[in-house]
Amino acid sequence: MASDMNGDMTPPSNHSSGNNKSGHKARSAWAVTRSVWFAMFMREAIGRTMTDRMGWFWMIAEPSLMLLVMIGIRSFIRGDKLIVNAPFIPWMLVGMMGFFLVREGLTQGSGAINANRALFAYRQVQPVDGVLIRNFLDGLLRTLIFLLFMLGALMLGTDFRPDSGFQAISGWLSLWALGLGFSLVVSVAGTLVPEVTKVVRMLSMPLLILSGVIMPLNHLPHYLLEYLMLNPIVHGLEYTRHGFFEGYKVVHGTSMLYFWSWTLGMLALGLLMHVRFKERLKAQ
Amino acid sequence: MIEIKHVYKRYYTHRATDWVLQDIDLTIPSGVSVGLVGGNGAGKSTLLRLIAGMDSPTRGEIKRHSSVSWPIGLAGGFQGSMTGRQNVKFVARVHGGHGNEAEIIRRVEAFAEIGPAFDQPIKTYSSGMRSRLNFGLSLAFDFDIYLSDEATSVGDRAFKAKASKAFKDKVGKASLIMVSHGVGVLRELCQAGIYLRDGRAHWYDDINDAIDAYHNDSDAHVLERKLHQLTNSKMTSLMQAQVFHQEAKAHFDSLQIALEQLPQDIQPRERQASVQAVNEARETLHGARRLVQKLK
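Sequence lines, in order, name chains A and B.
At position 248 of the first sequence (counting the first as 1) the number is 248 in my numbering, and the numbers step up by one without a gap.
At position 130 of the second sequence (counting the first as 1) the number is 130 in my numbering, and the numbers step up by one without a gap.
With the rest of the complex left out, here is chain A:
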């Protein structure tokens, strides 16, 4: 992307730099990218929180309501004594917040390019910028909400402090990175082939169950687990949970190596796709 960023201005020999009040000197590619990111971040942040009616309220209310409903269903179906060495509600909260972090990447990615279409009028703005910024802002907000939940739980007297802070944080950031990878890939694929968006949206609900967010996967038979463990989200979630609950017994076969192979693979693929299809994404 950098090579096109300096399309802003090539070092000119005959460039009249007389009274350039707005700093219109040749900027480096990185300087252009940085100012684009800053501008888009501010725009996106204001758009997300201020333009909707009660945007802030829903940002917190939506996951909490979701959590309440899930807890309601789960405790109605079966007791909550299924998980070894981890209190049920925090266990599920960690899983849900982590899962949403990834799912957001999957579902929001495809909208990120179309939402910023009007801004491609400025050649400094590239399709990938919108995706990166949206994912960054989204992760930031979700982290904030997660911290608020933790704070609330601590004030209610539950022990919701991670036993291994480092592992919890790195697990969270890993999930964030996976979400970004998905976001990059889906943004290109979904913009070029709209059907992809529909399939992804359909996938997101079964994934909630398949990733062991609501039901622990530990009790499933081995032959089934073998297939479920292909899903990288499970690995990330289990790792993060283990960071929170010291004695928690993760699903057999959890491997961060496998998780990061997926993440790096998706990130690389996504960035490559953005480089390859940049013009088509803009022209759509």
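Calculated directly from the structure, the hints in this document are not laboratory data.
Worth double-checking, as some hints may not be accurate.
[What the hints assert, rightly or not] To give an idea of the chain B side of the interface with chain A (calculated C-beta under 10 Å), a few residues: (1) Y12; (2) M82; (3) N87.
All residues carry an ideal CB built from backbone N, CA and C; glycine is no exception.
Take the given structure of chain A and dock chain B to it, following the hints.
Quick look at chain B alone, frame taken from chain A:
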């Protein structure tokens, strides 16, 4: 200065479409304002988008040696759900106006004169208001070359006058590449012209020549189309055909006179355009004559 080197452009849909632009090879010197003329779909806006760097050519390359604005006009550039002020702020930040956003916003607000609407979402704006804002925004930055895609066509009288004045004040400091169907504004603001036809560009050092070439061609096409209509219709009367024949004759004569009056030292390429126009007019005239004889 902008170098356009052997630029081809086509858009891909599900299958490849025809070339929109073919082998455009031009250098637009600095300090010269250029008008782009041509019929609808001739590729004027596409060329402008390529120059702006919004889109890249399928083949060839474009080198920008000066700072170039985005294409100022109706289409795009604003996020509908955000207010005018927020959009202006965004553009100021993208263009690195860090630290003097307030100054830029003040300048835009003063120029656009849209009053309290400046703090309303863009989607509530009329097209005239949008173009005022877009125009004011581009003027807040000191570009070397401004690109305008019918930027002033929806403005009211006062705004058009103001916009022309703003550009005239920039003469010497900045130049303009504009697409417009308004002949007056082209003659007023531009020196040179580019006439786009069938995906190819013809450069004219004088904007008036470009406009004339365009008008001659489009007149010829009007006649050609009319001939086609008359020939294919069974309702055509002899009377109609004779009237049309006279029209075609008048057009042919005027073109031929124009060709004869061309100065001797004119470039062969420009002469070629006139010769071609005469030839096309002759074809049409012959067609009209055949039609008249058939009806007799």
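Here is what the structure says about each hint:
For the restraint placing Y12 (chain B) at the interface with chain A, the shortest Cβ-Cβ distance is roughly 7 Å, inside the 10 Å limit, so the hint holds. Contact between M82 (chain B) and chain A, as hinted, is supported at the beta carbon level, the nearest pair being about 7 Å apart and thus within 10 Å. Proximity of N87 (chain B) to chain A holds as hinted, the smallest CB-CB distance being about 9 Å (cut-off 10 Å).
Figure legend: structure checked against the earlier numbered hints; every hint is met.
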